[in-house]
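Residue numbers (numbering that gives the first Met the number 0), protein chains in the order written: chain F, 0 to 281; chain Y, 0 to 281; chain V, 0 to 281; chain D, 0 to 281; chain P, 0 to 281; chain U, 0 to 281.
What the hints contain is simulated information worked out from the structure, not anything from laboratory work. Each residue gets a CB set at the ideal place from its N, CA and C atoms; glycine is no exception. Some hints here could point you the wrong way.
Stated by the list, open to error - List of simulated lysine to aspartate or glutamate pairs, DMTMM-like, C-alpha gap at most 25 Å:
id, chain 1, residue 1, chain 2, residue 2
1, D, Lys281, U, Glu175
2, D, Lys281, U, Glu187
3, P, Lys240, D, Asp154
4, V, Lys281, Y, Asp172
5, V, Lys281, Y, Asp12
6, Y, Lys281, F, Glu193
7, P, Lys281, D, Glu175
8, Y, Lys281, F, Asp172
9, D, Lys240, U, Glu187
10, F, Lys281, V, Glu14
Claimed, not checked - Now the in silico label distances, taken between C-beta atoms and shown as ranges:
id, chain 1, residue 1, chain 2, residue 2, range
11, Y, Gln56, D, Glu175, 55 to 63 Å
12, Y, Thr64, F, Arg159, 36 to 44 Å
13, F, Asp154, Y, Glu193, 40 to 48 Å
14, P, Arg17, D, Asp172, 22 to 30 Å
There are 6 protein chains.
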Amino acid sequence: MEPGIPFMASRGDYEGSRAAIFGVPMDFTTSFRPGTRHGPQRIRQVSVGIEEYSLHQDRDLREITFCDLGDVAVAYGNVPVTLSRVQAVADGVLADDKLPVVLGGEHLISLPVIGAAQARYPGLAVLHFDAHADLRDDYLGEAHSHATVMRRVADRIGGRNLYQYGIRSGSRDEREYAERHTNFHPYEVLPALERDLPALEGRPVYVSVDIDVLDPAYAPGTGTPEPGGVSSRELLLAVEKLAGLQVVGFDLVEVSPGYDPSERTAVAAAAVIREALLAVVK
Amino acid sequence: MEPGIPFMASRGDYEGSRAAIFGVPMDFTTSFRPGTRHGPQRIRQVSVGIEEYSLHQDRDLREITFCDLGDVAVAYGNVPVTLSRVQAVADGVLADDKLPVVLGGEHLISLPVIGAAQARYPGLAVLHFDAHADLRDDYLGEAHSHATVMRRVADRIGGRNLYQYGIRSGSRDEREYAERHTNFHPYEVLPALERDLPALEGRPVYVSVDIDVLDPAYAPGTGTPEPGGVSSRELLLAVEKLAGLQVVGFDLVEVSPGYDPSERTAVAAAAVIREALLAVVK
Amino acid sequence: MEPGIPFMASRGDYEGSRAAIFGVPMDFTTSFRPGTRHGPQRIRQVSVGIEEYSLHQDRDLREITFCDLGDVAVAYGNVPVTLSRVQAVADGVLADDKLPVVLGGEHLISLPVIGAAQARYPGLAVLHFDAHADLRDDYLGEAHSHATVMRRVADRIGGRNLYQYGIRSGSRDEREYAERHTNFHPYEVLPALERDLPALEGRPVYVSVDIDVLDPAYAPGTGTPEPGGVSSRELLLAVEKLAGLQVVGFDLVEVSPGYDPSERTAVAAAAVIREALLAVVK
Amino acid sequence: MEPGIPFMASRGDYEGSRAAIFGVPMDFTTSFRPGTRHGPQRIRQVSVGIEEYSLHQDRDLREITFCDLGDVAVAYGNVPVTLSRVQAVADGVLADDKLPVVLGGEHLISLPVIGAAQARYPGLAVLHFDAHADLRDDYLGEAHSHATVMRRVADRIGGRNLYQYGIRSGSRDEREYAERHTNFHPYEVLPALERDLPALEGRPVYVSVDIDVLDPAYAPGTGTPEPGGVSSRELLLAVEKLAGLQVVGFDLVEVSPGYDPSERTAVAAAAVIREALLAVVK
Amino acid sequence: MEPGIPFMASRGDYEGSRAAIFGVPMDFTTSFRPGTRHGPQRIRQVSVGIEEYSLHQDRDLREITFCDLGDVAVAYGNVPVTLSRVQAVADGVLADDKLPVVLGGEHLISLPVIGAAQARYPGLAVLHFDAHADLRDDYLGEAHSHATVMRRVADRIGGRNLYQYGIRSGSRDEREYAERHTNFHPYEVLPALERDLPALEGRPVYVSVDIDVLDPAYAPGTGTPEPGGVSSRELLLAVEKLAGLQVVGFDLVEVSPGYDPSERTAVAAAAVIREALLAVVK
Amino acid sequence: MEPGIPFMASRGDYEGSRAAIFGVPMDFTTSFRPGTRHGPQRIRQVSVGIEEYSLHQDRDLREITFCDLGDVAVAYGNVPVTLSRVQAVADGVLADDKLPVVLGGEHLISLPVIGAAQARYPGLAVLHFDAHADLRDDYLGEAHSHATVMRRVADRIGGRNLYQYGIRSGSRDEREYAERHTNFHPYEVLPALERDLPALEGRPVYVSVDIDVLDPAYAPGTGTPEPGGVSSRELLLAVEKLAGLQVVGFDLVEVSPGYDPSERTAVAAAAVIREALLAVVK
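Between the sequences and the hints, there should be enough to build the whole structure, so can you do that?
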């Protein structure tokens with residue numbers, strides 16, 4: 000692991016922590032605009048500028064236990080080696096009965112974490128917030144890519160256990176696959192999640208947030224901006240709803256700071272992570 | 000014409016195409032912040048990053064025929080010569096019974112295209128989406144300017160054939176002119192268009208979209224940002240409504256990439272053009 | 000005072016003006032990202048790109064009298080000296096029965112202006128639009144800071160005379176103080192203001208707008224962006240409501256142009272000031 | 000004329016001034032990257048950050064008399080009208096026996112100023128510092144363009160009265176023209192000027208500096224950067240040499256601030272102008 | 000191959016061309032700052048802003064034959080597949096007795112091109128212009144990386160056939176390897192090349208230019224800027240010296256446009272390629 | 000002290016270290032363009048991208064002992080409190096017989112460090128590398144400012160013990176003071192230092208480097224860029240010369256990353272610090 004600035008208030012040691020943050024600065028399969036490798040560190044840097052206390056939930060990060068392990072050392076240009084390192088870290092965190100909270104990096108990094116979570120929590124459901132369906136069977140000939148990651152997840156956990164929110168871009172093949180196999184909610188986020196909550200109660204749940212589920216107005220610093228998304232307020236409200244579920248893993252991916260001189264994308268990411276920690280770490 | 004990167008999926012030849020895209024990289028009359036000359040190429044560049052398929056309409060650009068002619072060679076600093084070249088290209092496209100789809104550049108470039116369309120389609124109605132009324136009689140002494148373009152259009156087609164949506168800035172003279180002469184819908188876009196649709200059915204319609212009809216949150220890369228606009232989702236939904244009309248020409252103007260490091264303005268423009276092509280090319 | 004480009008249309012002389020604009024380019028107590036010292040000049044520069052006429056209110060800046068005094072000469076690194084100079088200018092403007100309209104700079108500069116206003120108008124109410132409560136008793140050991148400014152205001156005018164809108168960030172202490180002492184409206188802006196209007200009628204009112212009350216999508220150029228805010232349209236509508244009140248002072252603070260290459264934050268600020276001038280200067 | 004921030008220390012009134020600065024924010028014939036219209040104001044803004052005193056010359060701007068008239072009001076998109084306005088201002092300044100010091104804007108604006116200078120000072124020599132020869136007979140069909148300006152100058156004053164320094168880009172036609180007709184010094188600046196000084200003594204001299212004579216490392220904020228240029232130190236030393244000549248007019252053009260977030264291009268321009276004023280205003 | 004804007008003046012067809020340009024937009028093994036994938040297209044875009052004619056050499060690109068094949072389709076995240084595609088294209092170009100001129104992309108892409116060149120031209124010498132020695136045996140465990148590329152080249156062609164210019168950064172191991180095995184010229188470029196020219200005459204020569212051999216003042220748009228480099232003028236003069244050699248392949252790598260808003264890095268790269276084409280294509 | 004990313008290779012503990020790095024993120028007295036508070040962290044961040052080994056000196060940071068203490072906690076807007084904290088840290092480091100290596104921040108932070116060094120090492124000489132003389136007696140009424148810092152140093156150690164290199168900007172008063180009291184070397188750096196070395200041998204020496212001693216071409220990310228400076232190569236060579244002196248303290252100030260998207264200013268600063276550590280830590 001590579002050390003660095005920790006996420007705000009995460010001064011705890013690993014032993015006593017209920018949740019463990021780690022970053023994966025990988026963006027090798029990105030086809031359009033690279034730069035998400037800088038996401039984890041930028042999210043941590045800007046996190047010191049927002050409050051540990053959430054007015055939304057009336058809870059404070061200083062009241063829960065979590066730590067920041069730093070970044071997984073990626074093997075530049077080598078996808079399989081990097082993903083296996085990510086899986087090893089996730090396996091360890093889960094084996095110690097802690098919640099992994101992962102900062103991307105491109106979306107493909109979710110795959111080994113979800114794999115580790117499913118190994119430990121059979122019957123896992125995955126909540127996927129994204130502008131893109133990420134359901135291609137292959138992308139430019141590669142089976143493992145940011146554009147295929149949720150297809151690979153569906154291969155493992157079964158499409159009926161995959162819940163997709165806010166999708167507004169995909170191919171016709173992806174749409175047809177989604178309509179047949181997954182719980183597919185194009186455009187919608189908060190209302191759709193609220194309808195799904197009863198079915199999710201009591202199940203182990205993994206949450207994967209691609210920051211581009213937000214409209215580019217709210218999150219311009221991302222690799223493939225897609226107009227027509229939701230506001231950061233709607234996403235924050237959705238994250239609060241996780242408090243009623245048994246969340247066993249969480250990731251936030253695709254923050255690419257170079258495209259956002261205002262840094263508001265990283266700030267929004269930090270706020271989402273704060274709200275998620277406050278909602279799911281008891 | 001100047002060659003370059005084509006708009007996504009526009010690999011067709013001119014002969015077999017129902018629509019022909021061309022750019023006009025002119026920004027000479029811009030008074031505040033130049034740079035829209037870079038709009039056409041940037042829109043094309045980012046277009047490769049979005050899908051040819053539209054989840055909104057369940058249609059795919061690969062299912063229709065269109066081509067990209069490149070950019071009109073502008074005469075730098077010479078407005079009359081440049082506009083006459085634009086008109087010649089538009090005349091040719093319309094004479095070949097194709098739909099011109101024009102990428103600006105500043106808004107003044109719409110004038111010769113609309114002139115060409117009206118010559119071919121008498122009784123033309125113009126739908127104008129914009130933050131600014133563009134109805135001045137002259138601007139700093141010039142009769143032909145980005146700020147006078149719709150007044151010149153009204154001179155030609157008659158104000159009652161001009162429909163204006165989303166306007167939130169103008170002088171008192173412009174407001175009075177609009178209220179007396181045009182179909183003037185300040186602030187509103189989608190609801191107003193839906194009310195107008197019945198009156199527009201069966202008529203030849205030209206559509207001119209100034210990207211600044213969007214709020215600067217959604218389209219920061221433009222010359223004269225004006226707060227209080229609509230979201231990209233609302234504009235995309237409005238463009239889908241064009242499917243029920245007989246659209247004979249379309250332009251999208253005033254993308255100025257230099258003010259938007261996230262490139263989301265150009266991406267939104269590319270998405271609007273994709274939706275327009277899918278809606279109006281049968 | 001330092002001369003410079005004046006705010007649009009403010010060509011009047013001081014004697015004949017009902018309102019006097021001045022800037023305070025101070026950002027010394029800013030802890031996260033400095034740069035608001037460039038706010039006043041940037042707001043003025045972009046102001047020439049928007050209309051003097053407001054479509055919203057059907058009024059024109061050329062119909063009212065106001066002047067632009069330029070910027071207060073700040074003492075770099077010396078907070079007490081700078082604040083005393085601000086107070087001296089504000090005292091003079093108020094003594095001449097004019098409305099001070101102040102461009103920040105960081106939020107701490109509101110304190111001496113509000114102090115001067117209260118000295119002249121006992122029973123003053125303060126309307127505070129902001130993402131942050133600014134109610135800390137001290138900040139990193141300093142009693143006078145951008146993060147404590149409204150606590151100091153409450154100390155002077157009494158918490159019950161402080162009305163706070165749009166707040167979405169603070170510590171638990173601030174929340175408890177606000178709930179006990181001030182008129183505290185988290186998240187809400189326009190609806191809450193409308194409910195408060197009857198109670199405010201007839202009272203002298205000071206208005207302090209931190210531009211970060213807007214969501215960072217609408218105002219990315221600010222020091223501490225906080226997701227979940229309101230749109231510029233909502234803020235403009237709120238400012239129009241001031242027409243029914245007896246406003247005796249106004250400030251707009253925390254525009255930090257360096258984080259916003261689109262300049263839309265400064266444009267939004269200029270539009271808010273235009274609407275405020277048109278609403279409150281009779 | 001448009002008012003604005005004045006160049007540093009230029010508080011003098013016109014009557015008592017030996018030199019008069021004015022800007023021409025025109026960039027309509029620019030073919031590659033517009034933006035020089037923002038040059039005059041940016042040069043003035045950054046000028047407040049450098050000293051009035053020159054260590055190089057041991058002279059101070061406060062010891063000479065000059066004023067800043069602001070910017071000529073350009074007719075956007077209309078080159079002939081704009082140039083005739085520039086000529087009118089230059090004629091007036093020269094008629095009042097003052098030195099015009101002009102801030103561009105694109106290089107074409109030098110043409111009317113040089114024309115005015117030649118009308119008043121027959122036998123004028125022009126010193127031209129530039130990366131580009133600017134000697135085309137026409138450019139994309141236009142006879143008046145930034146790329147033809149020195150050919151037009153040579154048409155008027157005779158090529159043998161044109162001295163060109165630092166040129167490192169041109170067509171073969173331009174090179175052949177230069178070698179036959181002008182005093183052509185490719186690559187060289189200071190050494191070539193020193194060799195020419197004896198021949199220039201006693202003659203009326205006009206100096207035109209295109210900032211791109213500097214290498215783009217020193218002046219990245221310009222429209223057509225060309226590698227292989229001189230350093231700012233060499234240019235400053237060359238400007239000091241003007242002290243021995245009878246300079247009757249001076250311009251500095253092609254600063255395009257949008258390409259230089261460091262602002263050092265505008266700072267270098269301000270320093271060059273300071274040194275020129277100190278060298279030539281007695 | 001992916002089509003796009005061609006390099007300036009490269010309108011020729013492949014059959015009749017002596018040289019063939021192609022790009023490799025790969026940056027997967029970049030460890031510090033990605034973005035060189037955007038290099039090839041940006042170099043082409045800015046190339047239209049400089050002259051086809053070289054004042055340095057008195058030659059014109061329109062007098063030689065070359066074509067632009069576009070970019071090799073890279074397999075995102077898959078290094079071996081991408082490199083094999085590059086090698087296939089290079090093999091084909093060389094088999095047709097043409098000169099490959101390659102635009103990077105990261106430096107690792109030189110490896111398959113040099114491999115192809117050596118297969119066709121036994122006894123190949125490689126001239127390597129770079130700030131970094133690129134001689135590590137492995138980098139973070141990977142044998143194929145931008146930091147190991149010249150070690151792999153030395154493995155193939157023998158270190159005594161590798162000539163390195165301008166190196167100013169490396170590990171002690173690299174320095175010791177270089178001093179024992181390669182022709183190692185730290186800091187120096189033009190003088191060292193001039194000394195080596197006699198030994199290189201008559202041999203087949205491949206030239207690999209990492210743009211960071213220039214000081215970051217001249218080429219800020221690169222992944223690993225290293226202070227203390229040479230000027231663009233010195234590099235251009237060095238490239239002219241290639242006219243006396245039998246150059247059989249050429250690449251220019253590591254242009255990362257996102258770090259250079261002035262675009263002068265890409266302009267310098269385009270000028271270097273123009274000079275190289277003019278020097279080596281007879 | 001505030002923790003953060005450490006400077007490269009500085010993994011040592013304090014006890015065993017010969018040198019101790021610390022940052023002072025203060026920029027309150029900056030009058031022109033703030034932002035040097037971000038200098039210390041940015042220098043550390045980019046430091047991981049350059050080698051620990053110096054080709055220049057054939058030495059490696061891993062062969063010497065040093066540590067990174069993080070940043071002094073500044074009191075925002077409170078200059079006296081912040082400076083006293085800096086002095087306390089410097090006193091402690093010096094009392095433990097270690098070399099303080101300080102990262103700014105604005106230049107005023109050098110004052111307490113030099114004060115601490117002089118208290119411990121009477122007869123201290125100060126080497127001052129800067130574009131600006133920093134010798135004003137007061138600046139805008141303040142005696143303690145970035146523009147007065149070396150005057151205050153001269154007050155303490157005596158002007159004859161102050162050696163100034165590379166100065167190219169100042170007022171006439173500063174020049175006269177310098178010529179009478181200090182060892183003043185305008186424009187020159189390396190040659191002047193070499194002449195002074197014999198006189199400095201054996202004395203305790205403190206070195207203060209304002210990064211703007213470099214030309215803005217090499218260091219654009221600074222608050223007050225001044226054309227006409229030296230290259231990074233010359234500065235690096237000058238720093239190597241320190242190996243022959245008894246250096247007891249070192250600082251590098253005025254890196255303002257926001258003005259340099261290429262980050263080469265911070266990279267140059269990191270390289271200077273590496274060379275300084277290698278030269279002076281035995």
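Okay, the hints, checked on the actual structure:
Our distance criterion of 25 Å between C-alpha atoms is met by D/Lys281 and U/Glu175, whose separation comes to about 23 Å. Distance check on the hinted pair: D/Lys281 and U/Glu187 sit about 29 Å apart at the alpha-carbon level, beyond 25 Å; violated. This hinted pair does not check out: P/Lys240 and D/Asp154 have alpha carbons roughly 38 Å apart, beyond 25 Å. A C-alpha spacing of about 22 Å is found between V/Lys281 and Y/Asp172, which places the hinted pair at or below 25 Å, so the restraint holds.
Of the supplied pair hints, the one linking V/Lys281 and Y/Asp12 is violated, its CA atoms being roughly 63 Å apart against a limit of 25 Å. A hinted pair counts as satisfied when its Cα atoms are at most 25 Å apart, and Y/Lys281 with F/Glu193 does not qualify at roughly 39 Å. The suggested pairing of P/Lys281 with D/Glu175 holds, with an alpha-carbon distance near 23 Å, which does not exceed 25 Å. Between Y/Lys281 and F/Asp172 the CA atoms are separated by roughly 22 Å; this keeps the pair inside 25 Å, and the hint holds.
At roughly 21 Å between alpha-carbon atoms, D/Lys240 and U/Glu187 fall within 25 Å of each other, so this suggested pair holds. In summary, the hint linking F/Lys281 to V/Glu14 is not supported, as the alpha carbons are separated by about 64 Å, beyond the 25 Å threshold. One distance hint, 55 to 63 Å for the beta-carbon pair Y/Gln56 and D/Glu175, holds here, with the actual separation near 59 Å. Take Y/Thr64 and F/Arg159: their Cβ atoms lie about 39 Å apart, and the range 36 to 44 Å holds.
A hinted range of 40 to 48 Å holds for the C-beta pair F/Asp154 and Y/Glu193, which are about 43 Å apart. A beta carbon spacing of about 25 Å between P/Arg17 and D/Asp172 agrees with the range 22 to 30 Å that was offered as a hint.
Of the numbered hints listed earlier, those contradicted by the structure are 2, 3, 5, 6, 10.
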